[in-house]
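Enquirer: Let's have the full structure, built from the sequences with the hints guiding it.
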Amino acid sequence: MTTTIIFDLDGTLMNTLDDLHDSVSYALREAGLAPNPKQDTRRYLGNGVRNLVNRSVEQTCPTADEALKERVFEIFRAYYVAHSMDKTAPYGGIPEMLKECKKRGLFTAIVSNKLAPAVKDLHKAFFADSIDVAIGETPTVKRKPAPDMVDEAIRQLSLLHGRSIEKSECVYVGDSEVDLQTAKNSDLPCIAVSWGFRDRDYLVEQGAKTIIDCPGELFEHIL
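Per the numbering used here, the sequence shown starts with residue 185, numbered consecutively.
Don't read these hints as lab results, they were simulated from the structure. One should not assume that every hint holds.
Said to hold, decoys possible - Pair ranges (Cβ atoms, derived):
#1 G277 - T324: 32 to 40 angstroms
#2 A312 - D249: 37 to 45 angstroms
#3 G346 - E242: 46 to 54 angstroms
#4 K304 - G276: 22 to 30 angstroms
#5 P301 - H405: 26 to 34 angstroms
#6 E280 - E214: 35 to 43 angstroms
#7 F403 - T244: 28 to 36 angstroms
#8 H405 - E254: 38 to 46 angstroms
#9 G391 - N235: 15 to 23 angstroms
#10 L407 - S348: 14 to 22 angstroms
#11 E254 - F403: 40 to 48 angstroms
#12 R347 - D249: 37 to 45 angstroms
#13 T394 - E254: 37 to 45 angstroms
Unchecked claim - Here are the simulated DSS-like pairs of lysine-lysine, each with C-alpha atoms no more than 27 angstroms apart in a straight line:
#14 K308 - K286
#15 K286 - K222
#16 K283 - K253
#17 K308 - K271
None of these values were measured; they are calculated from a predicted model. Don't be surprised by glycine CBs; every beta carbon is placed ideally from N, CA and C.
Expert: Structure representation (structure tokens):
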């Protein structure tokens, strides 16, 4: 029986693309580089913001060295933490789906490769009453697709609810190939969503077995 749902954040619960694109574009301009199209930002999302920044720098400046990438990353990080909620909002149907999760007594968590301060801010602003735990990228927990964030979320949920939660009770929900691999590495079933940063056909190519097209469909695939 499913008691626990672990959600990815960007592209799954929230449309964060505009704020991420604005932030990386700002950082590139501040470093004297030309920004990339939004479609490239979308393509680079899913494997952490450092990967996003590095690939964005390489796209606009193939000869960039590590010092330049680090400079752009530091500019990006400071700007994004201050502007992570300018345009970001939950996808349609997400608040209602999370309300139903609470009604059913399900435990919930966020695991995200986004910087931890931004994850905490978004959780507090949008999901404080609907999601129990939020885990973001920190130096002490390996980012996805390593299973560490999932393990930490289960640990925190177990402490919060006063009992040991087994992986057999958990389902992972995400929108990218990174999420599919995270679920696999964590020994969890994965429900992929088609409204995020990867198209349905791509998710199928990456091995997704269960794909939902709207948040309410989640409950058709959990026992």
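Enquirer: Hints first: check each against the structure and report whether it holds.
Expert: Hints, verified against the model:
1. At about 34 angstroms, the beta-carbon gap between G277 and T324 stays in the expected band of 32 to 40 angstroms.
2. Roughly 42 angstroms separates the CB atoms of A312 and D249, a value that falls within the hinted 37 to 45 angstroms.
3. Between G346 and E242 the beta carbon distance is about 48 angstroms. The supplied range of 46 to 54 angstroms therefore holds.
4. Range check, K304 to G276: about 24 angstroms between beta-carbon atoms, so the 22 to 30 angstroms window is met.
5. In this structure the supplied range 26 to 34 angstroms holds for P301 paired with H405, their Cβ-Cβ distance being about 33 angstroms.
6. Taken as a hint, the range 35 to 43 angstroms holds for the pair E280 and E214, whose Cβ atoms sit roughly 39 angstroms apart.
7. Our hint of 28 to 36 angstroms for F403 and T244 is violated, since their Cβ atoms are close to 43 angstroms apart.
8. Taking the beta carbon of each, H405 and E254 are about 42 angstroms apart, inside 38 to 46 angstroms as hinted.
9. The hinted window of 15 to 23 angstroms between G391 and N235 holds, with their beta carbons roughly 21 angstroms apart.
10. Separated by about 20 angstroms at the C-beta atoms, L407 and S348 satisfy the suggested range of 14 to 22 angstroms.
11. Under the hint 40 to 48 angstroms, the C-beta atoms of E254 and F403, about 44 angstroms apart, fit the expected range.
12. Separated by about 51 angstroms at the C-beta atoms, R347 and D249 break the suggested range of 37 to 45 angstroms.
13. Against the hinted window of 37 to 45 angstroms, the Cβ-Cβ separation of T394 and E254 comes to about 39 angstroms, which satisfies the hint.
14. Between K308 and K286, the direct Cα distance comes to roughly 17 angstroms. Compliance with the 27 angstroms bound is thereby established for this hinted pair.
15. Taking the CA atoms of K286 and K222, the gap is about 35 angstroms. The hint is violated against a cut of 27 angstroms.
16. Restraint check for K283 and K253: not satisfied, since their Cα atoms lie roughly 41 angstroms apart, outside the 27 angstroms limit.
17. As the CA atoms of K308 and K271 are separated by approximately 16 angstroms, the hinted pair is consistent with the 27 angstroms bound.
In this structure, the hints that do not hold are numbers 7, 12, 15, 16, in rising order.
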